[in-house]
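Enquirer: Just so we're aligned: 46 in this note's numbering is position 46 of the sequence shown, and the numbers increase by one with no gaps anywhere.
Mixed in with the good hints there might be a few duds.
As the list claims (entries may be wrong) - Under the rule of at most 27 Å between Cα atoms (straight-line distance), these lysine-lysine pairs were calculated in the DSSO-like manner:
no.	residue 1	residue 2
1	8	61
2	8	127
3	56	92
4	8	59
5	77	92
6	92	135
7	77	61
8	92	127
9	131	92
10	8	77
11	77	127
12	54	131
13	56	77
14	54	8
15	59	77
Simulated from the structure, these hints should not be mistaken for lab results.
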Amino acid sequence: MTTFVDIKPGQWVLAFDEPYGPYVRTMEEQLEMFRQRGGGWDSHDAAEIFHVYKVKDVKPKTYFIGESVTHPGAYLKERQPRTHVIAAGVSKEEMIHLRDRLFAIGDEADDRIEAEMYRRIERFAAKERAKAMTKIHRLLPHHFRSEG
């Protein structure tokens, strides 16, 4: 059985936009995807994946939204599934800050991984590029005459 985040009218919630919500995964598995850049949607930004809504009314499996913070092209429905709610708080700013912190975790991890990867490969890359340049010189010697 799905456990919903406790929400009340007047609160602000951080929720997955419907296409990004947990359908084939649990909420925990869906959130753990953000250990990498964009949670697997690396060309999407936080405002596309996560929306911030002010709750107007709460039903057993859905809730109704009032105000919202979404990306400009978002298709919004007034009624949203409670299965997509990640957290609830008292202010819009609190939920935006939580959204940005969650989204930044994977970005920061991937940035550190990439920096370390390039640091480790630097000498190998230099050697391979030198070999490639030698092959180019041998393939087209008439362009690379040595002065001697």
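Enquirer: If you check each hint against the structure, which ones fail?
Expert: 2, 6, 8, 9, 11 and 12
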